[in-house]
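Asks: Sequence:
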Amino acid sequence: MLSRRLNMKLFSSSSKHGQQSIFSSLLPYASLSSVSVARLSTYVDRHIGPRLNHEESAMLSAVGYESMSGLLDDTIPSHIRLQNDELTELQHILGSGKEEHEALAELQEKMGGNVVNKSYIGMGYYDTITPSPVLRNMLENPSWYTPYTPYQAEISQGRLEMLLNFQTMVKDIVGKEVCNASLLDESTACAEAMTMALTMSGKKFKSGGESPVFVVSKQCHPQNIAVVQQRAEPLNICVRVVDDSEMPTALSKNNVFGVLVQYPNTYGCVEQNLQELVSVAQKNDVHTVVSTDLLACTLLKPPGEYGVDIVVGSAQRFGVPLGFGGPHAAFLACDMQQVRKMPGRLIGVTKDTRNKPALRMALQTREQFIKRDKATSNICTAQVLLANVAAAY
1 MLSRRLNMKL FSSSSKHGQQ SIFSSLLPYA SLSSVSVARL STYVDRHIGP RLNHEESAML
61 SAVGYESMSG LLDDTIPSHI RLQNDELTEL QHILGSGKEE HEALAELQEK MGGNVVNKSY
121 IGMGYYDTIT PSPVLRNMLE NPSWYTPYTP YQAEISQGRL EMLLNFQTMV KDIVGKEVCN
181 ASLLDESTAC AEAMTMALTM SGKKFKSGGE SPVFVVSKQC HPQNIAVVQQ RAEPLNICVR
241 VVDDSEMPTA LSKNNVFGVL VQYPNTYGCV EQNLQELVSV AQKNDVHTVV STDLLACTLL
301 KPPGEYGVDI VVGSAQRFGV PLGFGGPHAA FLACDMQQVR KMPGRLIGVT KDTRNKPALR
361 MALQTREQFI KRDKATSNIC TAQVLLANVA AAY
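The working numbering applies: residue 1 is where the sequence shown begins, and numbers increase by one.
Hints in this document: simulated from the structure, not taken from any laboratory. Where a beta carbon is used, it is the ideal one built from N, C-alpha and C, also for glycine. One should not assume that every hint holds.
Stated by the list, open to error - Subject to a maximum C-alpha distance of 30 Å in a straight line, what follows is the list of computed DSSO-like cross-link-like pairs (lysine-lysine):
#	residue 1	residue 2
1	K110	K98
2	K341	K218
3	K253	K204
4	K341	K351
5	K218	K204
6	K283	K341
7	K171	K341
8	K206	K218
9	K118	K218
To be verified - Listed next, with one range per pair, are the computed distances between beta-carbon atoms:
#	residue 1	residue 2	range
10	K356	D127	38 to 44 Å
11	S96	G348	52 to 58 Å
12	P50	G112	34 to 40 Å
13	T298	L104	21 to 27 Å
14	T88	G348	55 to 61 Å
15	E99	L135	23 to 29 Å
16	S78	P321	19 to 25 Å
Full structure from sequences and hints, please.
Replies: Structure follows, in structure tokens:
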């Protein structure tokens, strides 16, 4: 809505002879030669520039064009540009656009019609309180929500420190030695844990032979089961969804390399004897993956203390709003000996040129954009902001 005038100007089909766009009237202050309060109030002039005549002329002269329409004709292929009749119809449908403050007022009015009911959906999504200091100083602060991946450690020490807090918090709560700097969501983390377990497995699966099998408990969240099944298909992994009572038999098969259970399960119950499951799995050389709830782990015995190989889950309950289903920061924790097989990023402590403690992204060389087909995961990103919110919470 706010960029409507710009888009209409950009995709106009003006002639090379300088014919004005039919939406030129949508930029009422573009020809002003001096800065005015009125011009500063418009969204386009404040965000898309330059707009003063002499500035535009200087730019056109530098690239060898006499008019903006001539430049557009040579840079945007005609077959993908809207024609005048199409633009006229579009303007009739959309109207002439609004100023930023008008658009914000309209959006606020529309959002005021939302009825916020109490959510009982469960399945890994729980209402929570975002403390005002965290909301005001982090979630609504562009210094926290606009930065990209902290590749430049020298200007990202604050965010890296908070991510290190996240890693430390999660690993301590779930009882493992190391945790990554967040993943996209819990379901993705389950799928990543499946492929990690296959990499960890000492079992050999020959091409054309029996497919490797990943056993999943029926009591897992349905979205976790669905994503695991979808991700397993192109990898030729067979996913068997079984009831908890059938676990011992299912894990005894030779081609089973891993098992996924939910703790507590999707109904909020702790019915599975996790210690017994881990014992059976270890006896059959099967790696255990547990998707857990961080808040539950503050009261229950954490999965890591049962000897679980990989622990995954969501940090949504730690102050991150429901957000109509996402996004929320997930995590994956394991032992240090498996750290090079772990997907995602890891924040590590090092020393700077002055021999003082410093933070940096470590072990990201296993990511797909660097190691290509040899990468241990196709995850090349994280939920940094939401992981930091959970850590601050």
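Asks: Confirm or reject each hint.
Replies: Against the structure, the hints come out as follows:
{"no.": "1", "hint": "K110 to K98", "result": "holds, 15 Å"}
{"no.": "2", "hint": "K341 to K218", "result": "holds, 27 Å"}
{"no.": "3", "hint": "K253 to K204", "result": "holds, 14 Å"}
{"no.": "4", "hint": "K341 to K351", "result": "holds, 25 Å"}
{"no.": "5", "hint": "K218 to K204", "result": "holds, 27 Å"}
{"no.": "6", "hint": "K283 to K341", "result": "holds, 22 Å"}
{"no.": "7", "hint": "K171 to K341", "result": "holds, 17 Å"}
{"no.": "8", "hint": "K206 to K218", "result": "holds, 28 Å"}
{"no.": "9", "hint": "K118 to K218", "result": "holds, 27 Å"}
{"no.": "10", "hint": "K356 to D127: 38 to 44 Å", "result": "holds, 42 Å"}
{"no.": "11", "hint": "S96 to G348: 52 to 58 Å", "result": "holds, 54 Å"}
{"no.": "12", "hint": "P50 to G112: 34 to 40 Å", "result": "holds, 37 Å"}
{"no.": "13", "hint": "T298 to L104: 21 to 27 Å", "result": "violated, 40 Å"}
{"no.": "14", "hint": "T88 to G348: 55 to 61 Å", "result": "holds, 59 Å"}
{"no.": "15", "hint": "E99 to L135: 23 to 29 Å", "result": "holds, 28 Å"}
{"no.": "16", "hint": "S78 to P321: 19 to 25 Å", "result": "violated, 46 Å"}
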